[in-house]
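Q: Model the placement of chain B on the given structure of chain A, informed by the hints.
Each chain is listed here by its residues.
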Amino acid sequence: MLDLGVIAQGFSAIFLNPFALLVIVIGTTVGVVLGATPGISNSMAVVLAVPFAIAMDPMIALAFLTAIYCASITGGSIPAILFRIPGTPSSAPTALDGYAMTTRGESGKALGIALIGSAIGGMVAALAMLFISPQLTQVALTFGPAELAAIAFLGLSVLTFLDQKNIIPTIISGLIGLFLATVGMDPIYGYARFTWGNSTLLNGVPMIPTMIGLFAIIEVLKQTVKRDTLDTSKGSGKSGSILMPLREWFAMKWTVFRASVLGTAIGLLPGAGATIASFLGYATETRMSKDPSSFGQGNPKGVLASECSSNAAAGASLVPLLSLGIPGGPAAAIMMTALTIQGVQMGPMLLVRQPEMLTSVFAAMALTNVVMVIVAVWIAKIFSKILDIPYTILGTCIFLMSAVGSFALSSSTGDVMIMVLAGVIGYALITKIKFNAPAIILGLVLGDMIEANFSRAITLARGDMLSIFMRPITGVILLASLILLLMPIIKPLLDKRKKGDS
Amino acid sequence: MALKMLVNGVLLLFFLYSYIYTLQNPPPPTVLPHDMDGAQWAQGILILLIFFLGLNIFNIYRTAKPEERNVSSITSLNFKGIWKSKLFYGMAIMLAYAYILPQIGFIVASFIMVMLYMILLGERRFVRVPIYATVIVSGFYVFFLWGLDVWLPRGTGVFWEFSMAIESFFR
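As you go down the protein sequences, you meet chains A and B in turn.
Here the first sequence is numbered in the working numbering, starting from 1 and rising by one per residue.
Here the second sequence is numbered in the working numbering, starting from 1 and rising by one per residue.
Derived from the structure by calculation, the hints contain no laboratory data.
Glycine is no exception: its CB is placed at the ideal position from the N, C-alpha and C atoms.
A short, non-exhaustive set of chain B residues, derived as facing chain A with CB atoms under 10 Å:
1) LEU46
2) SER85
3) LEU121
Here are the computed lysine-lysine pairs in the DSS-like style, where the Cα-Cα straight-line distance is at most 25 Å:
4) LYS86/B x LYS226/A
5) LYS496/A x LYS290/A
6) LYS65/B x LYS432/A
7) LYS434/A x LYS86/B
8) LYS84/B x LYS4/B
9) LYS165/A x LYS290/A
10) LYS4/B x LYS165/A
11) LYS491/A x LYS290/A
12) LYS432/A x LYS86/B
13) LYS4/B x LYS222/A
14) LYS4/B x LYS434/A
15) LYS84/B x LYS222/A
16) LYS165/A x LYS496/A
Listed next, the stretches of chain B that the computed footprint assigns to chain A, with coverage defined by at least 3 CB atoms under 8 Å from CB atoms of chain A:
17) 2-10
18) 18-28
19) 32-39
20) 51-58
21) 92-104
This is chain B alone, in the form it adopts within the complex:
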């Protein structure tokens, strides 16, 4: 209950902020007076979102057990446990991969990501991990680059030079 209330509340605040943002940054006037301007449609959706999120919060509160309605139920959420969970590490690996992909390129970023994620998923034969990672990354690279002519991210600096050297084999 506490988590649902918290997330719905955060969403409500975000959409409320977005609505106010559209009021404070109005679009330029339309060419024809009866045209719909760029903000009206979004404002309509935001009003509906605010209404339904409010209704959802009320519903969650109404259907909750009396002991769950306490404010203290929010503080009892186990946030510390999240940092130690596999889920957190999984999300962190994915986010880090998406972040470093433009910098270090597909080959290196994917090689590191595949190794880390395989270990996270429970692969304990550590000698095989880099072998699997090499096969998987090479397979994707060759299929997309050579088979479909899709040029994957090269990275910058030394990583760019490394990617170019690899690509030269396929030209």
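Next up, chain A with everything else stripped away, as it sits in the complex:
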């Protein structure tokens, strides 16, 4: 643990500096707005902030970038809840229950849960950074490609929890996602697979446009057939209901605890990220619930678990960046570049030469999470007013927003076509054949990570598969994954046998 003098130095650099406070408030506001804009990923939000950060003092620049980074992840939950457009893959589980709550007229409540849940998750990650950063980093360092592949497989094992009434179609959906992830060049040798001569497919099936297609476009098509206004009449979807009574929060205390700890643990692993954390957090809650069938139908715990764990993971992913100099994802890599230009040396030497940097990041994260609740509640209130617009206009705007969002990521009109195709084909597969959209996304997101790490593990083990599975951490994680994967299939059989015996 860091000594108190260093902690006080970091805190005073942020809390006693009016400019730093102002920068964090601006960073948080901009981050939430950018995160809520489809097509602006958290890494793009950080990129947009870099030119301003370079002109600042390194400590304030780090606080500014941290505020943008954390707030943009939280902002992604706003369109996921209101329009079923998950801005980031980690918001996909949020869209399931969040949008169901919106259609019941509880958009305010869903937004409140997502924003406060995110803030709590972020705070837990910040505390972990402050108190056990060096120790946690050492544990994370023991993770090699085999362990990372196992972690990604653990993320995939939540498949069977996503729709327990349609297990086989859900497994097929996950496999379709894994298949889509193989399109393009393979991660080790660059061999082109399933491109059939199309150069757009060489880079693979883009994740965000596919996700927007599978969520937002399907919803617009559903509404096109159904009705001309979004039904939010069965409750108070107005902005006043954003803050939930304390007793309702108290009833969800264990969800908050589990999701925050799980998210922090996953976020520490370089490359694992918020997506696995949010899906795992969601699946854990589904498994722990007495009424798993309520998940996906507007269960507030679904929104809370997903947001709490994804934000905890986002915060925790800064630990390997600061302590080891290993960026956990693209946004962290951009932050590292911006700070290196300013002479900040990330990695083990940061704790020796500039330990106050680490504590100032903690202070910035803590402050961001507090400011975020206020700012994001205010922004969410404005956004939730949008639901009052007639669907003839809103539906068209959602489609246009989805198209621009898909295009903006890599300035490719091919991505707009992929988004539309994902929506049109997905409509048939999901609404008529009962395949599962989150399962397809899960497969698509994790496919690359599993394949790349598994291939590396095989190379390192010189082809000896047994030695990979016999590694203690890998073995335990894979066993846990297998149990999780098979539990919804085995449990009903065991229950049946128990009933037969009695």
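A: Just chain B now, kept in the frame of chain A:
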């Protein structure tokens, strides 16, 4: 039942074809003999997909009512009704938009799409439709171009010149 069987069958055939495709177009040999080549991972997924799709088809057939198991149930599917549905027109507008976007650019393509989709969703105040379309498209254009510095598709030929003229206001 018939539709589920049909779609699962089509998917099964597609993945079977993809599997055969990987066998007929093998990747170059790996540098190290024990390395995983580019096709092995995909082949493993395809085998699982073929197995589970087969299992799903069997399950659908097993749980179907006896009268649904007839081959004639496939021909009884109302394909003609699809062409007249709002859903078909919605899909057609979206696909057409994605197709013409690179050719005629964001401004014109979006203006046409917004008007058509609003009418499809039930907007009957036809005088207001072009006004709404202008406001919506301008709003998105200004926000992304001016606010976020994201350059939207310009189109080709005369559309490119039109987009450039509009963009010149923001420079």
